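Chemist: Chain order of the listed sequences is A and B.
Just so we're on the same page, our numbering is the position in the first sequence counted from 1, plus 331.
Just so we're on the same page, our numbering is the position in the second sequence counted from 1, plus 21.
None of these hints come from the bench; they were simulated from the model.
Take the hints with a grain of salt, since some may be wrong.
[What the hints assert, rightly or not] Restricting the straight-line Cα-Cα distance to at most 27 Å, the calculated cross-link-like pairs of lysine-lysine (DSSO-like) are:
#, chain 1, residue 1, chain 2, residue 2
1, A, K598, B, K25
2, A, K520, A, K598
3, B, K115, A, K598
[Said to hold, decoys possible] Example chain A residues on the side facing chain B (calculated, C-beta under 7 Å, incomplete):
#, residue
4, F348
5, L350
6, I359
7, T554
8, Q568
[Unchecked claim] Covered by chain B, per the in silico footprint, the following chain A stretches (three or more residues, Cβ under 8 Å):
#, stretch
9, 365–378
10, 391–397
11, 425–433
12, 485–495
13, 525–535
14, 574–584
Small disclaimer: the values here were computed from a predicted structure and weren't measured.
The beta-carbon is built from N, C-alpha and C at its ideal position, and this holds for glycine as well.
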Amino acid sequence: MRKKGRSASYYIRNTIFVLVLTLIAIIILVPMLWGVLNSFKTNREFYSNSFGLPAEWLFSNYSTAWEAGIQDYMVNSFIVTGVSTLLICLVSSLAAYSLARFNFKAKNVIFYLILGGLMVSEYCIIVPIYNMFAAVGLRDTHAALYLAYLTLQTPFSVFLMRSYFLSMPKEIEEAAYIDGCNVLEIFFKIVVPIGKPIIFSAALIAAVACWNEFMFALVFIDTQSLMTIPLGLQTFQGQFRTNWSVTLAACVISSLPLLIAFLTAQKQFVRGLSAGSVKE
Amino acid sequence: MRVKWYVPYLFVLPALALVVCILYYPVVQNIYTSFFATTAFSSNPRFIGLDNYIELFSDVEVLTALRNNIYYAITCLIFQCGGGLLLAILMESKPVRKIAGVYRTIYYIPSVISMTAACLLWKFIYQSRGGMVNEILAAVGLQSLQHAWLGEAGTAIWAIIAMAQWQFMGYYCMLLCVGIQKVPDDMYESAEIDGATEWQKARYITIPSIKETILVCTLIDVIGCLKVFTEVYVMTLGGPGYASHTIGTLLYQNAFIYNRMGYAAAMGTMMFILIFVISLLQLKLSGSGKQ
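The following block holds chain A by itself, in its conformation from the complex (with noise of 0.2 Å):
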């Protein structure tokens, strides 16, 4: 009896569990899906019935978006996160190699001199990074954001490699270094390949960053060619003041590439996120 009674609203307990889980997915997916309905409309339709199915599938909506510049858009924030996440990861990860595994005299002023700019925010240094990055001509370029980025990241990406290759054992370098490979081989072709997950997650976290990043792009660039998406996007929304329906086809686009990254990475995601927030 006693059993069957536990049992009862242990049932009923997972049934509330999830139905509260249910409900929260559902307010989270309906103004997604609510916008990928409209993107498929007319103007005209989306006024009129926003929360029925189009009339008619405009996939036309699509194609008007990209030629109308999100292709450019995307082109650059491909090159623009590519290039920053390359550099981010070359430069991290030397830094925190040598501060995991070398000994030497200024390593822990140099390795709390990296990690304090954590601490400091983009809006402190905006104003003077304008200045000096106009003065010497980086106005309007990848390169400014190049810079940008590779600097904000570096800090966080220094703090997340170098937990992971003070881990790493010694041994395989060490061995590698009796056979006579100098410290350069034994970085690109020993450290690199075993700190292929961290150095991963690092790069998923500073590319997602750079994709996103809004405040720089905005002050740096100023012609529509060079425009990274989020910049892009909200010029696009001035284009196209009046046709809803293309903006949110803008969107769609726009967001597919990080969603379809996250929904295969999905691991190395949650690794490089919860490694970086949970010190160890």
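Start from chain A and add chain B according to the hints.
Modeler: Chain B in isolation, oriented as in the chain A frame:
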């Protein structure tokens, strides 16, 4: 492994040089600029001492922006950290755990769609005509509650804050789930043998075990809320009037639209100090919590 003495320095040099030249040097430069009345590329900045800072605390726009940042932070702490924690606990409870992956993924999706895209989407959702919120209100007969959500001074910042909850709650939920998964199972098993309820397990095992994660979440969240920029810029540009400005957008406006670099630098310095103090405070709290 023996290397030449300079090798370790060469390895850290690029990172160190970047951080010093493009993070620390600008911070110093920024503080210096904040004592001047100056425009971009001005050749004769005028030294005005603390005037920029004095103006900060009597500027009604700054105070409104600061208030909005505080609203933002409090709401985010309640819904993103608090709500996220609650959902994470539900998800990681025994049998639900098996299907929780689907929920985690769904909750996380808004945080990977492009921020600007999410903002534009919600701009449409909040439209007074045809927007999703007003349509739903009309459908359930609550026309009286309809608003031009982003166009009214009273609702604009709250509309933006609500969108932020939708976008980032799943992010914190995911972080907390990862934390909970690291709690050893046998702790729960022995609690179950003692007949502990779900509530007791959450209260006496889960929450104490992931205290650090919770703290990190609140830290990231509060700092993120102080830094809010894109949402406000894309959705309202700080309007109507200056009702929905945050410090970030106000700083941008002063620096790059009104060309008041000195004043903007003063705001930047204020932000720097605020974020620095909060980081230290939270680190300190986490340290004392351990004993």
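Chemist: Now look at each hint and say whether the structure bears it out.
Modeler: Cross-check of the supplied hints:
no.	hint	in the structure
1	A:K598 <-> B:K25	39 Å, violated
2	A:K520 <-> A:K598	25 Å, holds
3	B:K115 <-> A:K598	22 Å, holds
4	F348	5 Å, holds
5	L350	10 Å, violated
6	I359	6 Å, holds
7	T554	16 Å, violated
8	Q568	6 Å, holds
9	365–378	holds (count 5)
10	391–397	violated (count 0)
11	425–433	holds (count 7)
12	485–495	holds (count 3)
13	525–535	violated (count 0)
14	574–584	holds (count 6)
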